[in-house]
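S.K.: With chain A's structure known, arrange chain B on it following the hints.
2 protein chains.
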Amino acid sequence: MAQQKPLHELGLAEAARLIASGALTSEALVSACLARIAEREGVVKAWSFIDPEAALAQARACDKAPSKGPLHGVPIGVKDVLDTHDMPTEMGSSIYAGHRPAEDAACVALARMAGAVILGKTVTCEFAGMAPGATTNPFDATRTPGGSSSGSGAAVADFMTPLAFGTQTGGSVLRPAAFCGVIGYKPTFGTFNRAGLKFAAESIDTIGLIARNIEDLALMCSVLTGAAFVAPVAPEQSLRIGLCRTYLWDKADASARTALQRAADAASKAGALVTTYEMPPHFSTLTATREIFNNVERARSLPFEWTHHRAQISAALSRSIEAGFATSVEDYVQAKRFAETCRIEADAIFNDYDVLLTPAANGEAPVGLHYAGDPSFQGLWTLLHTPTIAVPAGKGESGMPVGVQLIARRYEDKKLLDAAQWLIARAGVAAEMA
Amino acid sequence: MAQQKPLHELGLAEAARLIASGALTSEALVSACLARIAEREGVVKAWSFIDPEAALAQARACDKAPSKGPLHGVPIGVKDVLDTHDMPTEMGSSIYAGHRPAEDAACVALARMAGAVILGKTVTCEFAGMAPGATTNPFDATRTPGGSSSGSGAAVADFMTPLAFGTQTGGSVLRPAAFCGVIGYKPTFGTFNRAGLKFAAESIDTIGLIARNIEDLALMCSVLTGAAFVAPVAPEQSLRIGLCRTYLWDKADASARTALQRAADAASKAGALVTTYEMPPHFSTLTATREIFNNVERARSLPFEWTHHRAQISAALSRSIEAGFATSVEDYVQAKRFAETCRIEADAIFNDYDVLLTPAANGEAPVGLHYAGDPSFQGLWTLLHTPTIAVPAGKGESGMPVGVQLIARRYEDKKLLDAAQWLIARAGVAAEMA
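Each protein sequence line maps, in turn, to chains A and B. With the working numbering as the guide, the letters of the first sequence map in order to residues 1333 to 1766. With the working numbering as the guide, the letters of the second sequence map in order to residues 1333 to 1766.
Chain A on its own, in the form it takes in the complex (with noise of 0.2 Å):
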């Protein structure tokens, strides 16, 4: 019989399996979480707010109960950003500091439904955006563990919990993932619904997942929204995967270049198509575009913050929104009308290619706290709603995590999942990872 891993280093569909079988309580499993939190959370700092005893009285619920679904007696984490009624909600600003929604965010009170245990509030960027909280790279506390779902990604990777939410406008889920060396998931823009998450750019917000395996996003996919489970499968037939270097390769340094090369070669030796795939010259202003919607929906989204608690917004933060305010309708409405004919042009190349293999960032996570890195290499698929995915590809020259990027037609999460998981298994990118 194989070792028996570590409780709080469980995955959430086995961690669930086991509890279902009567062979672990939601009360030891949470224990375990607990205990890790306790031993790390002085250096990692990935949590805006953890009550023990509330999380474990979660757990003791659940094993006194039969079972409400498929994440029972499971524990998750929650980015700051996304409503709880029981927790505080400060959305990593002092504006909102103690503040108590009424509700829970739609994607928290599902989990619950299905048996979910909250642990706690990961730390977010200040309103999912460029001013990083207190949370360090689990891998080297001198790094940043990227953001805005900071605290999602190193508690993750600090095996403090099996899932965490994110949120991503530009790169807020898949950057941090990548950083620390676990799995990012940004779904279809629209999968997982919105209400109780606090806007940054609604019309590019999307609710993602951060995790160390594949099945674990499909699990909380079909807890959010109401698919049947199953279980991520490597497909059999030869994958047709476009290396896509994209208008960024500049950016990308020598570890994100011998990383994404390494994850090519390794799913050609297992069997993959992969060929190059250049794209049309019109999308590099995506990353322009992107920022335009940033801009123009952040300032709009914060009136109440801007006129009641400005001293309170960050200098980055102003600036996108003096930014947005300063932009023209008309400017603001041709991005909107460009991004749209680029969508269906985005669905149009998945007729040549399964997947996309893509930089998941520009290397590994920078030195300092100051700053949670550059949202380019992620931004540009959340801009064209595509559903996107980090996958972790090994070491980088300084010896930190580095990830490779998978990229589906909208609407194909199935696929994109599925593809990631067979990268994973059969093209043994990503054989490190715990």
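One thing to keep in mind: the hints can contain errors.
One copy or any two copies: either way a pair holds, since identical chains are not told apart in the list.
Stated by the list, open to error - Restricting the straight-line Cα-Cα distance to at most 20 Å, the calculated cross-link-like pairs of lysine to any residue (SDA-like) are:
1. Lys1668 - Phe1682
2. Lys1746 - Thr1607
3. Lys1668 - Asp1679
4. Lys1668 - Asp1585
5. Lys1583 - Gly1700
6. Lys1583 - Gly1728
7. Lys1668 - Lys1746
8. Lys1668 - Ala1559
9. Lys1601 - Pro1613
10. Lys1396 - Ala1352
11. Lys1583 - Ala1370
12. Lys1337 - Thr1357
13. Lys1747 - Val1565
14. Lys1377 - Ala1466
15. Lys1400 - Gly1603
16. Lys1668 - Phe1381
17. Lys1400 - Glu1654
18. Lys1747 - Gln1666
19. Lys1668 - Ser1535
Since the hints were made in silico from the structure, they are not lab data.
M.R.: Chain B alone, transformed into the frame defined by chain A:
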């Protein structure tokens, strides 16, 4: 000199100009609106919250301060699904009795930044759905004002406020406007930021406006989007109007049919090129497609209420939520893809027409307060994300208001407002409206 209108009958832009010129105080204007409310609210029941002293305090503060912007000192009403930091937000549901959000919805905060006085909250059907509040039609208290923006429609029609915010997921802005004989405008999807709106079905929920003239809509658009304010101009060149009976024509009663023909004849006589436009046959499933969006997204946005407060959810909404949970993801995704295809096809309609002209509703407001009317004639355009406006077009067989609806291409809201202005000012439709 023309007879002075009673103050409570002033339009938004007109009142703002008088205040800016020093000819009128905000206090006098708000007092007049409050007096009208005091006189009529016992019958009309348009407001879920009104605090005369608080409204007057806002008005007096405006009178003492330098102008904050183009709405300085003018009162507006806010549908009670939009958050207000200083008034309850109850969403037409006993679940939220006395609920006090921490902040203002974005549209409310933007209006306040421009100097608006928030007069109070207007009655909404439960969660902007099908279960009506107590509001009556100002033209006949035995009839529905329409819904779900019931209070906004009735308050504007009854001269209690020059303008009120509404929201439309099916027909919730245009139908109450049509039933109450005023103008209802749903902009292109995504035009007004939705931060602080309680979602019904997030991929079609659209914040809109109810007012008594087109200029007031243009002014509020400018405040909410940052567009330059340009008063609507009835176009000089001949309008190309597509007379669109839609696949719903069997639902249009004699009043609706007569009003549409009368408006078409008046437009034709005034110089418009009016020709019949037939929708493609597959558009006839748009109503059923919108129902899928409505059910699935309501179910997925209200899991907290469904878990904790199910007994307080109406039978109508419970049926919608149950239908939503029972709908397969595959059917929902297919509905999304179909809607997106139709949106792009709908853009092309407007190569041949400046606007379409269609019934605003099935006919006059039905008798009874338990049913806010059929959303079909409005809902298909909501799904299509097109901008759309209901304009009063005379009286029906029972002497109640009947409207017609104009539709333009997505993002061509300026053209829509100009065409509506033309229909009113040049073609004489809505001539009898105050």
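S.K.: Please go over all the hints and tell whether each is borne out by the structure.
M.R.: We went through each hint and held it up to the structure:
1. Lys1668 - Phe1682: between (22 Å within a copy, 19 Å between copies)
2. Lys1746 - Thr1607: neither (22 Å within a copy, 46 Å between copies)
3. Lys1668 - Asp1679: both (17 Å within a copy, 14 Å between copies)
4. Lys1668 - Asp1585: Neither way: Lys1668 and Asp1585 sit 31 Å apart in one copy and 39 Å across, limit 20 Å.
5. Lys1583 - Gly1700: Cα proximity of Lys1583 and Gly1700: one copy only (19 Å, versus 65 Å across).
6. Lys1583 - Gly1728: within (15 Å within a copy, 66 Å between copies)
7. Lys1668 - Lys1746: Between copies only: 17 Å across, 27 Å inside.
8. Lys1668 - Ala1559: between (30 Å within a copy, 15 Å between copies)
9. Lys1601 - Pro1613: neither (30 Å within a copy, 50 Å between copies)
10. Lys1396 - Ala1352: Close inside one copy (13 Å), not across copies (66 Å); limit 20 Å.
11. Lys1583 - Ala1370: Intra 38 Å, inter 65 Å, cutoff 20 Å: neither.
12. Lys1337 - Thr1357: within (15 Å within a copy, 73 Å between copies)
13. Lys1747 - Val1565: Cα proximity of Lys1747 and Val1565: one copy only (9 Å, versus 51 Å across).
14. Lys1377 - Ala1466: within (6 Å within a copy, 51 Å between copies)
15. Lys1400 - Gly1603: Close neither inside one copy (42 Å) nor across copies (66 Å); limit 20 Å.
16. Lys1668 - Phe1381: Classified as neither: same-chain Cα gap 37 Å, cross-chain 37 Å, threshold 20 Å.
17. Lys1400 - Glu1654: Classified as between: cross-chain Cα gap 18 Å, same-chain 47 Å, threshold 20 Å.
18. Lys1747 - Gln1666: This pair counts as between: shortest inter-copy Cα distance 16 Å, intra-copy 32 Å.
19. Lys1668 - Ser1535: both (9 Å within a copy, 16 Å between copies)
Checked against the numbered hints given earlier, the structure breaks hints 2, 4, 9, 11, 15 and 16 and satisfies all the rest.
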